[in-house]
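These protein sequence lines are chains D and X, in that order. Counting from 4, one number per residue, gives the positions in the first sequence under our numbering. Counting from 116, one number per residue, gives the positions in the second sequence under our numbering.
By construction, these hints were calculated from the structure, which means they are not laboratory data. Where a beta carbon is used, it is the ideal one built from N, C-alpha and C, also for glycine. Don't take each hint at face value.
Across the chosen pairs, the derived CB separations fall in these ranges [to be verified]:
1) X:Asn190 to D:Leu34: 33 to 41 Å
2) D:Pro55 to X:Asp224: 46 to 54 Å
3) X:Gln210 to D:Arg159: 42 to 50 Å
4) D:Glu22 to X:Val206: 23 to 31 Å
5) X:Pro189 to D:Ser65: 19 to 27 Å
Partial list, computed: chain X residues near chain D (C-beta under 8 Å) [claimed, not checked]:
6) Met129
7) Val131
8) Ala198
9) Asn203
10) Lys219
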Amino acid sequence: MMKVQYVSPFAEAAVSVFEMLVGMTPERGQLAARPQLFTTQQVNIVCGITGPVEGLVIYGTSMNSALKIASKMIGMPVTQFDQLVASAIGELGNMITGNSASLLAAQGFGCDITPPTIIRGTNVKITTVDIPALVIPLNLKELGTFEVNVSLQERRKLAA
Amino acid sequence: MAKRILITDDALFMRVTLKNILTQNGYEVVGEAANGVESVELYKQLKPDVVTMDITMPEMDGLQALKEIRALDPNASIVMCTAMGQKNMVVEAIQAGAKDFIVKPFQPDRVLEAMSKLAA
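Sequences are here, hints too, so could you generate the full structure?
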């Protein structure tokens, strides 16, 4: 079973990254469990975690919210999900994951992270075998909602 | 003469952001690298005064690129600029010769402070 202690760093990091990057404090919603990682969001940022704790974190939001967040990051309004917007949204995922990794390291789990991948399209189903996901929704007020899906486990001990 | 900077980051957004901060404050961005391999290659060609270096990148990560550039030029001024702020990363980078370590997200002033200390 996935431990909640791996999830809190992502919620904490996401809140502080949004505070710094877009100047607003998101409200954390209710933590929920998912039997497998499933996301129906229009824009999904996938980041890998490797090390003593390993797995995936997927950030999901609507296209409308992604464009609003990117507009804040870039400093001017954007209406098309072009290369610069994709890069900004990917970097948002990288920043949250990187800051989470620092918090995990402080708990004794020093992990590395992979560069972000963006998956666009609704009804995307991603199954991470054997690792159930925990989901924290963040309410970004006028920017919409932003989901943090965490699917991590301690690295299996190799059989002797 | 304006100090010459080489930016290294796999994210176009971050290269644009850093370039805007630097050029608006009197620095000259002479090159942009999207991974460690490009950064080492551009360092040889351009001999910049300061390099900004992301860590999590494809091809070659920023810690490896830092070490390769410092091997080529032991006086190279390299500022890490990364979302990976954990203590062991900072220690490894500083031990390998990085001059400063900026954790993303950052305020523009943090970048300018690092540059002014180095490029003085």
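Hints versus structure:
Restraint check, Asn190 of chain X to Leu34 of chain D: a C-beta distance of roughly 50 Å breaks the suggested window 33 to 41 Å. The hint said 46 to 54 Å for the Cβ distance between Pro55 of chain D and Asp224 of chain X, and at roughly 36 Å that hint is violated. Separated by about 32 Å at the C-beta atoms, Gln210 of chain X and Arg159 of chain D break the suggested range of 42 to 50 Å. At roughly 27 Å, the beta-carbon separation of Glu22 of chain D and Val206 of chain X lies within the given 23 to 31 Å, and the hint holds.
Distance hint check: the CB atoms of Pro189 of chain X and Ser65 of chain D are about 50 Å apart, inconsistent with the given range 19 to 27 Å. The criterion of a C-beta within 8 Å of any C-beta in chain D is met by Met129 of chain X, whose closest approach is roughly 6 Å, and the hint holds. At its closest, the beta carbon of Val131 of chain X sits 7 Å from a beta carbon of chain D; the interface hint therefore holds under the 8 Å criterion. Contact between Ala198 of chain X and chain D, as hinted, is supported at the beta carbon level, the nearest pair being about 3 Å apart and thus within 8 Å.
Interface hint status for Asn203 of chain X: upheld, as the beta-carbon distance to the closest one in chain D is roughly 6 Å, under 8 Å. At about 5 Å, the closest approach between the beta carbon of Lys219 of chain X and any beta carbon in chain D falls short of 8 Å, and the interface hint on this residue holds.
In the structure shown, a violation is registered for the earlier hints numbered 1, 2, 3 and 5, in ascending order.
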